[in-house]
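Trainee: One letter stands for each residue in the lines below.
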Amino acid sequence: MLVVKSVSKIYGEGTNRVVALNNVSLEAAKGDFIAVMGHSGSGKSTLLNIIGGLDYPSSGEVILDGRRIDAMNEDALVDIRRGRITYVFQQYHLLPSLTALENVLLPLTFRGTNNGTQRALDMLARVGLDKRAGHKPGQLSGGEQQRVAIARALVNDPALILADEPTGNMDQKTGMEILELFRQLHREGHSIIMVTHNPEIARHAGEIIVLQDGQIANRVEQGRSRNNEH
Amino acid sequence: MELHRLVAKDVMRRKRRVLYAVLGVVIGIMTVISILTVALAAESRIYEQLEEYGANLVVIPAVSQLDLELGGLGLGSLTVGQNYIPEGKVSLVRQITDDMINHSLGIQDERDRYAAPVSPKLYVSSEVRGVSVMVVGIDPEEERRMKTWWRIREGEYLDGTDQALLGALAAELLELNAGDSIVLNGFDMTVAGILRETGSNDDYQIFVPIRMAQEAVDREGMVSSIDVRALCIACPVEDIADEINMMVPGVRAVAVKQIAMTEMGMMDRINRFMLALAGITLAVGMFGVVNTMTTSVHERIRDIGIMRAVGASRNQIVRTFIYEAIIVGILGGVLGFLAGTLLAYGIGPLIFPGVSVGYVPGYLPLSLALAIVVAVAATLYPAFRATRIRVADSFRSL
Ligand SMILES: Nc1ncnc2c1ncn2[C@@H]1O[C@H](COP(=O)(O)OP(=O)(O)OP(=O)(O)O)[C@@H](O)[C@H]1O
Ligand SMILES: [Mg+2]
Numbered sequence: 002m003l004v005v006k007s008v009s010k011i012y013g014e015g016t017n018r019v020v021a022l023n024n025v026s027l028e029a030a031k032g033d034f035i036a037v038m039g040h041s042g043s044g045k046s047t048l049l050n051i052i053g054g055l056d057y058p059s060s061g062e063v064i065l066d067g068r069r070i071d072a073m074n075e076d077a078l079v080d081i082r083r084g085r086i087t088y089v090f091q092q093y094h095l096l097p098s099l100t101a102l103e104n105v106l107l108p109l110t111f112r113g114t115n116n117g118t119q120r121a122l123d124m125l126a127r128v129g130l131d132k133r134a135g136h137k138p139g140q141l142s143g144g145e146q147q148r149v150a151i152a153r154a155l156v157n158d159p160a161l162i163l164a165d166e167p168t169g170n171m172d173q174k175t176g177m178e179i180l181e182l183f184r185q186l187h188r189e190g191h192s193i194i195m196v197t198h199n200p201e202i203a204r205h206a207g208e209i210i211v212l213q214d215g216q217i218a219n220r221v222e223q224g225r226s227r228n229n230e231h
Numbered sequence: 033m034e035l036h037r038l039v040a041k042d043v044m045r046r047k048r049r050v051l052y053a054v055l056g057v058v059i060g061i062m063t064v065i066s067i068l069t070v071a072l073a074a075e076s077r078i079y080e081q082l083e084e085y086g087a088n089l090v091v092i093p094a095v096s097q098l099d100l101e102l103g104g105l106g107l108g109s110l111t112v113g114q115n116y117i118p119e120g121k122v123s124l125v126r127q128i129t130d131d132m133i134n135h136s137l138g139i140q141d142e143r144d145r146y147a148a149p150v151s152p153k154l155y156v157s158s159e160v161r162g163v164s165v166m167v168v169g170i171d172p173e174e175e176r177r178m179k180t181w182w183r184i185r186e187g188e189y190l191d192g193t194d195q196a197l198l199g200a201l202a203a204e205l206l207e208l209n210a211g212d213s214i215v216l217n218g219f220d221m222t223v224a225g226i227l228r229e230t231g232s233n234d235d236y237q238i239f240v241p242i243r244m245a246q247e248a249v250d251r252e253g254m255v256s257s258i259d260v261r262a263l264c265i266a267c268p269v270e271d272i273a274d275e276i277n278m279m280v281p282g283v284r285a286v287a288v289k290q291i292a293m294t295e296m297g298m299m300d301r302i303n304r305f306m307l308a309l310a311g312i313t314l315a316v317g318m319f320g321v322v323n324t325m326t327t328s329v330h331e332r333i334r335d336i337g338i339m340r341a342v343g344a345s346r347n348q349i350v351r352t353f354i355y356e357a358i359i360v361g362i363l364g365g366v367l368g369f370l371a372g373t374l375l376a377y378g379i380g381p382l383i384f385p386g387v388s389v390g391y392v393p394g395y396l397p398l399s400l401a402l403a404i405v406v407a408v409a410a411t412l413y414p415a416f417r418a419t420r421i422r423v424a425d426s427f428r429s430l
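Protein chains in written order, with the working numbering: chain A, 2 to 231; chain B, 33 to 430.
Quick caveat, the hints were computed from the structure, so don't treat them as lab data.
All C-beta atoms in this analysis are idealised placements derived from N, C-alpha and C, irrespective of residue type, glycine included.
Certain hints may be false.
What the hints assert, rightly or not - Only part of the chain B face toward chain A is listed, based on derived beta-carbon distances under 7 Å: (1) Met33; (2) His36; (3) Lys41; (4) Asp42; (5) Arg45; (6) Lys47; (7) Asp335; (8) Ile338; (9) Val342; (10) Gly343; (11) Gln348.
Could you build the full structure based on these sequences and the hints that come with them?
Mentor: Structure representation (structure tokens):
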């Protein structure tokens, strides 16, 4: 489903030149759960951004379902973001003016679906937050905000969920609850690529990719986690 | 949920920032509206003053005087032509005057047509109670429009055929009161009213409906002169006089020199200067609005990134900013109109003593339109720029 071919990303020029990614290749099949690990600054976020079309690679190719994301124009990327790929960020990235429900509705709003309230409520129920639908992000805990962000990521029924340290801002217990949610989504057939520093979390992934200075330093197949029923 | 609801919620949360932007718009609109309002008040004040000048164009019979001479010996002069103007020419004079004024005012719609007072007169010398007096036959309605300063001291204005209106001194001399009867050239008439003193010839005269005067001297269908008040900024009264002289045979139109006309030309120049000033203020205000809007967009780079990450197109992002600008424009337009009107009330009398400033409801849609255009224009560029940022970068920028 997803092929990353020799992707490099270079920021800046001259003395400011930073090679954030250096010739990274990987593949993800439908239903895969891949964990991306590595030290701070090793290029994990950069890789995720490029896979999701939030940033462009300096060289190499990103191919989703046979189409090159790296060469897509903005309009085509908008289509991808409206269904194929969604994101969950470390900082949740909810809109502060909107309630939990409205934040979940947001992707449907941009898609032009004006009667998605029931579906958005379902998604909130799915992450156990239907009782907090009317609350604004400022009134929710970090774990709850991340659940809202996950519900928002699910509302368009994406094929691939990209999560950049989704548990990075929370304590161990809350982090494990969020992880449990991701494992459930994985079991339901969503493909997931997740950046994490937590080896405990990575243990549940089908494959672990370890980045170091923008290169893949290690790749661990934990085959049993691959979900092939879907 | 619709896009504009999203914007409305965001505006509610960022009240302070939005109010800054509104303030920027208000300042620009306020200046424009106050200037326009004061200018309009000043203009109507000048028109008011001009009306008190009365006629500025007099049409008299074209009489030529031939000097008779014989062997170097002057034999006096011989008057050739008529001393009266046929009544039919009144409407011709009226039409020429109105056409030229309306044309220069740019009025095309028949309903808005401006009609200048055109007042035909017939002078008759007569005798009342043994005193010789000047009786003036007038068209009561037109004469009243011409002489806006006339006030009735006693009784009523002319309202029927057998009535007379007396100048203050004439009434005093003849010892007449409203309701008294007089005989004019064998016609019985009632004194309908007496004018207050005006300090002009009117004080000595007796006014009767022109039909009466014509009958009294057997001059049906004749008038002695036609007074016209042809007030017009862009068309000098001389031009109107020339046109009448050219188009209407048998009459001579004479423009009465008017200081008022220079005042009008001044007003026109002042108006233009003030409008230029308003334009500059608006342009400067526009910079302020561009500034706040740019800041407003910048503050929301992260939100823009979020919206794009969850599927917003660039168009939708720009649209949210346009909606916000429309809200800012509506608020700024209404408040700017109110503030501008208040300002006009405050400074109008200081700039033009004696003007009575009135609020102009027609300026509300104008300020709304102007404010919305300014706000949207100020937002478009920064909003467009913001959508060019890569989504990944928009998360990093804060
Ligand atoms: N816009 C940018 N301009 C310049 N350098 C950048 C930019 N973005 C990232 N980098 C650099 O690229 C490298 C990789 O950054 P990246 O954010 O991908 O690391 P990361 O693995 O996600 O780190 P962390 O675990 O701290 O989130 C870093 O050295 C970073 O400084
Ligand atoms: Mg990172």
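Trainee: Against this structure, judge whether each hint is valid.
Mentor: Each hint, compared with the structure:
no.	hint	result
1	Met33	holds, 5 Å
2	His36	violated, 11 Å
3	Lys41	holds, 5 Å
4	Asp42	holds, 5 Å
5	Arg45	holds, 4 Å
6	Lys47	violated, 11 Å
7	Asp335	holds, 6 Å
8	Ile338	holds, 5 Å
9	Val342	holds, 4 Å
10	Gly343	holds, 4 Å
11	Gln348	holds, 6 Å
Figure legend: structure checked against the earlier numbered hints; hints not met, in rising order: 2 and 6.
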